[in-house]
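**Q** Mind docking chain B on chain A? Use the hints.
First to last, the sequence lines map onto chains A and B.
Taking our numbering, I'd label the letters of the first sequence as residues 103 to 516.
Taking our numbering, I'd label the letters of the second sequence as residues 234 to 323.
The set of hints was computed from the structure by calculation and includes no laboratory data.
All residues carry an ideal CB built from backbone N, CA and C; glycine is no exception.
Please note that a few of the clues may not be correct.
These stretches of chain B come out as covered by chain A in the derived footprint (C-beta under 8 Å, 3 or more residues) [claimed, not checked]:
1) 251-263
2) 296-302
Below are the DSSO-like pairs computed for lysine-lysine, each with C-alpha atoms no more than 27 Å apart in a straight line [stated by the list, open to error]:
3) B/260 <-> A/232
4) A/232 <-> B/277
5) B/277 <-> B/260
Just a sample of chain A residues kept apart from chain B, beta carbon distances all over 10 Å, derived [as the list claims (entries may be wrong)]:
6) 170
7) 242
8) 298
9) 312
10) 351
11) 459
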Amino acid sequence: MNGRRVAITGLGVVAPQAGSVAALCARLLEGHSAIQRLGSPFEEGLRSPIGARADFDCAAHLPAARLRMLDRVAQLALVAASQAVVDARLDFATERRARCGVSVGSSMGGAGTTDEGYHILYAQQSQRVKPYTVLASMTNAPAAWIGIEYGLAGPNLTYSTACSSSAVAIGEAARRIASGEMDVMLAGGTEAPLTFGVLRAWEAMRTLATADPHEPAASCRPFSLSRTGLVLGEGAAFVALEDWEHAMARGACIHAELTGYGLTTDTEHITRPSVAGQAAAMRAALGSAELAPDAVDYINAHGTGTLQNDAAETAAIKEVFGERAYRLPVSSTKSMHGHLLGAAGALEFVVAVACMERGAIPPTMHLDAADPDCDLDYVSGRARSQALRTVMSNSFAFGGTNAVLIAARPPIHA
Amino acid sequence: MSTLTTLQDILMEEFDLARERLAPEAKLAALGVDSLDLLELMFKIEDRYSIAIRDDVPTDLVSVGDVVRYIDRLLADRERAGGAARPAPP
Chain A
103 MNGRRVAITG
113 LGVVAPQAGS
123 VAALCARLLE
133 GHSAIQRLGS
143 PFEEGLRSPI
153 GARADFDCAA
163 HLPAARLRML
173 DRVAQLALVA
183 ASQAVVDARL
193 DFATERRARC
203 GVSVGSSMGG
213 AGTTDEGYHI
223 LYAQQSQRVK
233 PYTVLASMTN
243 APAAWIGIEY
253 GLAGPNLTYS
263 TACSSSAVAI
273 GEAARRIASG
283 EMDVMLAGGT
293 EAPLTFGVLR
303 AWEAMRTLAT
313 ADPHEPAASC
323 RPFSLSRTGL
333 VLGEGAAFVA
343 LEDWEHAMAR
353 GACIHAELTG
363 YGLTTDTEHI
373 TRPSVAGQAA
383 AMRAALGSAE
393 LAPDAVDYIN
403 AHGTGTLQND
413 AAETAAIKEV
423 FGERAYRLPV
433 SSTKSMHGHL
443 LGAAGALEFV
453 VAVACMERGA
463 IPPTMHLDAA
473 DPDCDLDYVS
483 GRARSQALRT
493 VMSNSFAFGG
503 TNAVLIAARP
513 PIHA
Chain B
234 MSTLTTLQDI
244 LMEEFDLARE
254 RLAPEAKLAA
264 LGVDSLDLLE
274 LMFKIEDRYS
284 IAIRDDVPTD
294 LVSVGDVVRY
304 IDRLLADRER
314 AGGAARPAPP
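Isolated chain A, as found in the complex (with noise of 0.2 Å):
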């Protein structure tokens, strides 16, 4: 990126199937999907009443006279994101607070707190609306908690731009870094999906996977001949970017530069994927990191396993990386996670970070039968150990905002 460099100092997740950045990694590796059928009452109302849970018991981390003001989506948020102060070692009392701030990429902010007042109102014909109501589901609430939790005075922003909300929001952090203007930014998303109103909505639009008669795990399949659309899933991710200087003068553990971000709208159409809209946004991408196609070792794809998105994805890989897209690893670990919605940006960005860590490539799960127009490696059906410099994660919305953003594994001798 133009100007300063921006370390990742500190990851965070809470996520389906994991609380933890290093549960979730072993989860994905293994291949394991979260998707699962919700029951009640989703089973009574919904044609396919699938998601993924997240692993979270909100009463083990906050007080009870805090809950009752935070919807779900923050109580994620804030659990998360102290993972990643925790991880970077951060000390925000030593700190110049104002150069410190908080960017949150969110799609449908308190849903769980919408919907409920709504029943109340509409369905329980009641007056008795909780006078929480409106600081629980503001979409900005989890990036204000957070920035009242460590005193955080610098911006306090919220990105929604559907599914590409938190690599926005991650983006946009790092430039304020790059820029000068920040020295530690916590950056992610969150999203807490899973209400009837919300899955009943997204429903109606026909975009979510018809639930797996045998299997409820493997509905989602991104890539395959067979998908039928994605999965909801709920979940935080964050990390703690800063300023490549600060980090080493304070002796922090550097797990990846952020070197690259790509931001570029699709202008034809709220839902149709552009190939030539997402090709450009990994073309920023990699503009801003100042790479060649190349470098590139992985890409964890949005591959949310929709019929437009994964044969528009894999047209844009090709025209990017020309004849290399045959040989480069590309996988959608929403076939495991589901899709996050304004969370998934993130999640998946610090699923690609970790991975590389970890020398491995997570898999594409269910992908069972070949389809022409995606003829990738997708990494299918069992992780890969490969060690890797440079990732790429790709975020794609309705709404046609292409995010992508490119981690680089630190020098030796950073």
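**A** Coordinates of chain B only, in the frame set by chain A:
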């Protein structure tokens, strides 16, 4: 059970507060109970006493004792109107 004891029970349950901190003169702000918490508290009080509290809760309820007096006033109003004044079982 007195109104004070009932209110203390609710505050202990909802706000993780010890009973000894909940004397009538204890200030709500010092207990960490802000104006929105107070509105949330009113829902619990409505349930406990089977009374209806309108949105316009007075803004001058500063101490635990103020809330007790407010509840007692509502209960007295209700009794005058011919309703039951006993707390509902929790």
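**Q** Give me the numbers of the hints this structure contradicts, sorted from smallest to largest.
**A** 1, 2 and 6
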